[in-house]
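K.L.:
Taken in sequence, the protein lines are chains A and B. Straight run, no breaks: the first sequence in our numbering ends on number 1132. Straight run, no breaks: the second sequence in our numbering ends on number 1132.
Any given hint might turn out to be false.
Same chains, same names: a pair is fine if it fits in one copy or spans any two.
Below, a list of computed lysine-lysine pairs in the BS3-like style, where the Cα atoms sit at most 27 Å apart [what the hints assert, rightly or not]:
| # | residue 1 | residue 2 |
| --- | --- | --- |
| 1 | 847 | 922 |
| 2 | 879 | 1111 |
| 3 | 948 | 1005 |
| 4 | 847 | 899 |
Simulated from the structure, these hints should not be mistaken for laboratory data. Only a predicted model underlies this, so the values are computations on that prediction, with no experimental measurement involved.
Number of protein chains: 2
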Amino acid sequence: MTQTASPFPVTPSDIDAAARVLAPVAVRTPLLSFPVLNERVGAKVFLKPEVLQRTGSFKFRGAFNKLSSIPQEKRKGGVVAFSSGNHAQGVAAAAKILDMPATIVMPSDAPALKRERTKAYGAEVVLYDRDREDREAIARDLAQKRGATVVPPYDDPFVIAGQGTAGREIAEDMAALGLAPDIVIAPASGGGLIAGVATAVKARFPGAAVIVAEPENFDDHARSLRAGAREAHHAAGRTICDALMAAMPGEITFAINSRLLSQGVTASDAEVAAAVAFAFRELKLVVEPGGAVGLAALLAGRIEARGKTVVVVLSGGNVDADLFARLVA
Amino acid sequence: MTQTASPFPVTPSDIDAAARVLAPVAVRTPLLSFPVLNERVGAKVFLKPEVLQRTGSFKFRGAFNKLSSIPQEKRKGGVVAFSSGNHAQGVAAAAKILDMPATIVMPSDAPALKRERTKAYGAEVVLYDRDREDREAIARDLAQKRGATVVPPYDDPFVIAGQGTAGREIAEDMAALGLAPDIVIAPASGGGLIAGVATAVKARFPGAAVIVAEPENFDDHARSLRAGAREAHHAAGRTICDALMAAMPGEITFAINSRLLSQGVTASDAEVAAAVAFAFRELKLVVEPGGAVGLAALLAGRIEARGKTVVVVLSGGNVDADLFARLVA
């Protein structure tokens, strides 16, 4: 990224550059509105459906931007990434387009659909035990052996700038509608998406409140924002939001998020399930649990939205058919 | 509709007028493209997702345009409609907005979701036996008793003009992209949607081939186009496309479709199920079987699409959760 006097590791112009890199290959997802949702929330609600993005989540944006930044001479060594699923697909799809070999380290309990789709993009998948092995160490070892570049899931300026293009599109589309968002909500695991989105949105709409949504107990961003320093969540178990289980905000992402985010909200598994079912029944969109956590918080009344203009990012839609069937039943 | 020298019962300017009526209330659905679909078909494919329309199908367009044409003095008598489900919801939602009472005559085997949603819009639902009772007679009797206006599901110029606004948006969006569609595919039951879409699309792109998609055996449009006159289909049983079971093209719709459509194609229930599953897994859209029949025909290779620019209308997404679960499993 360019060296500037900015205290931010990623600037709006980095996101502009990412948008140029992504233009030929990424989907410019629309901003959707639904009368049924507006009536339900009592607000002007717009959804940014990254479920419609290449690979079914926003992760392709950051992955492609990062891989495009790797110098030609290093590309034949390929890339290695660790991911519970959506970053895996993003990296695999980006590597395929750029003709680079890709190896993805995934937890053995990742959704089958995410494993299969990652393999379908031509990547090699290496499984590890989420509870007993260190995925970063496995990835580093593999990278060293193969001369490959590690593609971090969130804590990387090129990755953050790529994810920020979603926020840039939100800002552009809101401006074209003659509207200014009061609130922008996005989920966070390591915080790359919301860091990029906040950077882009607040560059154009400084008054917008950017709110991070997390699964109940997996509220490391909410805790860290309150504490003013990175804190881990205290969750002991699992959440149905398989995409949102990072223990702690990223270092680079939190340097951005600590300055730009207004607050953190959470949604319980039951609220997330209700949001997935609402999206199925009323919006006709397939949203995975982790992708629906912002919508869940909004529908559950966790955000003061009445009368406001609100944008919610639906970050991904890669959900196994059997889990989806249970959630919408 | 305006009296003109045109041999067509609905003209592009009728559709322009409908677009003005619908602008404050209907969703302007986007035109979506997906790299995974382009690669699979070997064509530039655009989807018109009417699943994102108010009520989950295109039917709201025609219903609202028709109800808006009813003179003020007749509005308090309300409206009566017969429908297997999507027209029911369209009429009920339009009546609610216009503050008119609505009674909907529905087959007792209509999907539960469609019945519930129709009631949720405040309409009275009257069930009939699809095999033994005449829904049109029931609707006429009710209308006479209540001084209500019957809202036909397709064979009405205002209904056709309303549905045509979907085609008008397709034409506008393709022009904005600098593209001309070679092929436009839409499903048909009575033929109102495709008649409106063909009218609007061919006004701007006379060279576009408009193709009607129907469930296997329920191919009354394909037969009628070949014969040059309205013919019933020969289907004995059912199809999973509950929205597409009309026995025969409409009289007014066929006066348009016989002149503007290029051909008819069909898809089997298995091909439709595969398309619904593809839309779930790859596109993250919830499409009901009848709404997916055009996509099904395209994916099954029933249309010469390679290298072409193709638009497919996904006409509705109101599918029961249990059927959807079976189709995507």
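K.L.:
For each hint, tell me whether it holds in the structure or not.
P.N.:
Do the hints match the structure? See the list:
1. 847 with 922: between (40 Å within a copy, 25 Å between copies)
2. 879 with 1111: So residue 879 and residue 1111 fail the 27 Å test inside a copy (50 Å) and across (35 Å) alike.
3. 948 with 1005: neither (42 Å within a copy, 60 Å between copies)
4. 847 with 899: between (39 Å within a copy, 20 Å between copies)
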